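Chemist: Protein chains in written order, with this note's numbering: chain C, 21 to 276; chain Y, 660 to 953.
A portion of the hints provided could be inaccurate.
[What the hints assert, rightly or not] Taking lysine-lysine and the DSBU-like style, the derived pairs with C-alpha atoms no more than 35 angstroms apart in a straight line are:
| hint | chain 1 | residue 1 | chain 2 | residue 2 |
| --- | --- | --- | --- | --- |
| 1 | Y | K731 | Y | K718 |
| 2 | C | K206 | Y | K761 |
| 3 | Y | K723 | C | K206 |
| 4 | Y | K718 | Y | K761 |
| 5 | Y | K718 | C | K206 |
| 6 | Y | K822 | Y | K841 |
| 7 | C | K206 | Y | K749 |
| 8 | Y | K761 | Y | K692 |
| 9 | Y | K749 | Y | K718 |
| 10 | Y | K692 | Y | K731 |
| 11 | Y | K731 | C | K206 |
| 12 | C | K206 | Y | K886 |
Calculated from the structure, these hints are not laboratory results. Keep in mind that this is a model prediction, so the values were computed, not measured.
So the chains spell out like this:
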Amino acid sequence: MASLFQTVGKGALIHFENIGRFGILITAIFKALRETRFYLRRIPEQMLWIGNHSLPIVVTTAAFSGMVASVQSAYQITGYVPLYLVGSVVGESMLLELGPVVTALVLAGRVGASIAAELGTMRVTEQIDALESLAINPVAFLVVPRVIAGLVMLPVLTVFADFVGIVGGWLISVTTMELTTTEFFKGFRMFFIPWDAIYGIIKSAFFGVMITLIGCYEGFHTSGGAEGVGRATTRAVVAACLAILMLDYILAALLL
Amino acid sequence: MSYEARVGVVIVMAVLIFVFGMMYLREFSFSQKGYEIIALFETVIGLDQDDPVIVSGLKIGQAKQMELVGDKVRVRLFIDARYRFPRDSKAVLRNLTLLGDKAIEIVQGTSAESLRPGDVIPGRLETDIFELAEAAAPIGEDIAILLKRFRSTFDENTETSIKSSLSNLRTISGAVAEVVTKDLDEVESAVSSLRAVARNLEYLTQPEGKSMHDVIANLDSSSSNIKDATARLRLAATSLENLLGKMERGEGTLGRLIQDDTLYRNLENFTRELDLLILDVKQHPQKYIKIEVF
Chain C
21 MASLFQTVGK GALIHFENIG RFGILITAIF KALRETRFYL RRIPEQMLWI GNHSLPIVVT
81 TAAFSGMVAS VQSAYQITGY VPLYLVGSVV GESMLLELGP VVTALVLAGR VGASIAAELG
141 TMRVTEQIDA LESLAINPVA FLVVPRVIAG LVMLPVLTVF ADFVGIVGGW LISVTTMELT
201 TTEFFKGFRM FFIPWDAIYG IIKSAFFGVM ITLIGCYEGF HTSGGAEGVG RATTRAVVAA
261 CLAILMLDYI LAALLL
Chain Y
660 MSYEARVGVV IVMAVLIFVF GMMYLREFSF SQKGYEIIAL FETVIGLDQD DPVIVSGLKI
720 GQAKQMELVG DKVRVRLFID ARYRFPRDSK AVLRNLTLLG DKAIEIVQGT SAESLRPGDV
780 IPGRLETDIF ELAEAAAPIG EDIAILLKRF RSTFDENTET SIKSSLSNLR TISGAVAEVV
840 TKDLDEVESA VSSLRAVARN LEYLTQPEGK SMHDVIANLD SSSSNIKDAT ARLRLAATSL
900 ENLLGKMERG EGTLGRLIQD DTLYRNLENF TRELDLLILD VKQHPQKYIK IEVF
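With the hints as constraints, model all of the structure from the sequences given.
Modeler: As structure tokens, this is what we get:
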């Protein structure tokens with residue numbers, strides 16, 4: 021019984037510790053924002069890596085998401101429900117959910133893992149300590165450019181994902197179903213309100229910050245050599261995916 | 660190309676996709692020209708900004724800003740510049756679909772003057788499905804009562820009676836069919852006779868049907884003769900009436916003859932005296948007749 025309490029307590033302590041460290045990192049980021057000389061020049065490089073280089077995988081997953089949304093909604097639409105509602109389902113699901121969330125999950129796997137591995141390696145090889153010894157703020161130098169790049173590029177990638185997903189859904193609708201382009205967009209416009217698209221973009225910005233923050237946090241707190249880097253990478257991906265889905269709910273409850 | 664330029668290209672592309680995508684979905688156009696009129700509604704329940712303004716089902720504009728002014732809702736309607744409407748037109752908030760999509764329909768008036776930008780028109784709510792349902796509720800109750808009565812009336816006995824009636828009807832229709840089949844020749848003959856009669860009638864009534872024409876011409880002439888004769892008879896009757904009047908008043912010979920009995924009395928005396936003379940002649944013929952031979 022005592023060991024059970026010990027285990028639970030130890031686990032809780034570790035979680036509180038992690039939350040505390042995460043809070044300290046966020047505070048350090050806000051403090052580091054003043055030290056523009058360390059991060060401004062590094063932002064485009066990170067944006068290129070997080071944004072441009074992720075574009076092919078994001079576009080591919082979004083296209084298939086749109087196609088699947090189209091086929092599945094057509095499968096469910098039967099009886100007296102008009103088929104042009106496929107346009108509405110594809111459009112709204114891409115703008116509200118699939119575009120931002122699928123993009124974020126893909127980025128969590130690609131970028132979150134990469135950041136955690138990169139910073140984790142730097143931590144275990146004491147490069148971060150070296151930066152500190154050179155009076156370079158490691159948070160300003162390593163974390164801030166990544167977080168800003170994530171904040172800017174996730175919405176950009178989400179716009180591409182939305183566009184390609186809707187085009188994919190439209191393409192499948194007009195080629196495999198008895199639906200014309202006019203009908204598809206009639207259905208789309210029927211329930212479209214600009215806030216849906218804006219909400220998706222805002223949501224993706226939160227996801228971008230969360231993915232890069234978790235990647236940086238796990239990388240910054242890596243220990244245990246190469247094995248520790250691997251564990252940190254895994255934790256970064258899992259935590260980012262969980263955070264994305266939890267944040268998705270919270271934002272939906274707050275903003276919709 | 661530098662890092663910055665490559666990132667910039669992607670960001671600009673994303674912004675363009677977002678902006679043009681929004682414009683496409685909102686059906687926004689830079690070249691759209693038009694004017695705004697104002698519609699005042701009691702309620703605009705379900706109406707959203709940018710919902711369509713339609714006329715006879717054709718989209719001619721969009722609902723814009725909505726605001727509460729006193730107890731009315733003031734809705735700005737953007738109307739395509741190509742369309743003009745009479746000044747006494749009205750706005751009706753309609754349901755476009757069962758899903759609750761709304762549109763404002765302009766119901767055109769008859770005024771010779773056209774609506775000008777900024778003009779205010781009255782608006783009203785189309786009877787929606789809930790109101791219809793509310794209105795239909797008493798009807799439903801009536802139907803329920805009717806059905807109840809029907810059910811109470813339509814018991815087993817009634818059913819048997821109806822079945823029996825139907826069976827009789829079937830027998831009658833069978834009998835009629837049999838008669839028709841049996842006397843088909845006669846029926847056909849009757850029909851052909853009727854057809855011939857109809858043909859004759861048709862011929863007679865046609866303009867080129869001479870016989871009918873002749874008959875009508877004769878009738879025309881006869882009726883004009885009758886008219887002349889009637890006029891003459893009327894004249895004769897008037898004369899006769901005058902004559903009889905005079906006779907009644909004892910004017911003229913005939914009048915005096917009828918009204919004055921002097922002649923009658925003279926004649927009576929004359930007759931009497933003639934009788935006496937004849938009697939006297941019979942009694943004393945030698946007094947009056949003398950026969951002499953040589």
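Chemist: Now tell me, hint by hint, if it's right for this structure.
Modeler: Outcome of the hint check:
1. K731(Y) x K718(Y): 25 angstroms, holds
2. K206(C) x K761(Y): 15 angstroms, holds
3. K723(Y) x K206(C): Holds, because 20 angstroms separates the two Cα atoms, which is no more than 35 angstroms.
4. K718(Y) x K761(Y): 12 angstroms, holds
5. K718(Y) x K206(C): Holds, at about 13 angstroms.
6. K822(Y) x K841(Y): 28 angstroms, holds
7. K206(C) x K749(Y): 27 angstroms, holds
8. K761(Y) x K692(Y): 23 angstroms, holds
9. K749(Y) x K718(Y): Judged against 35 angstroms, a Cα distance of about 16 angstroms means the pair holds.
10. K692(Y) x K731(Y): 28 angstroms, holds
11. K731(Y) x K206(C): 32 angstroms, holds
12. K206(C) x K886(Y): Violated, at roughly 82 angstroms.
Against the hints set out earlier in the document, a violation occurs for number 12 only.
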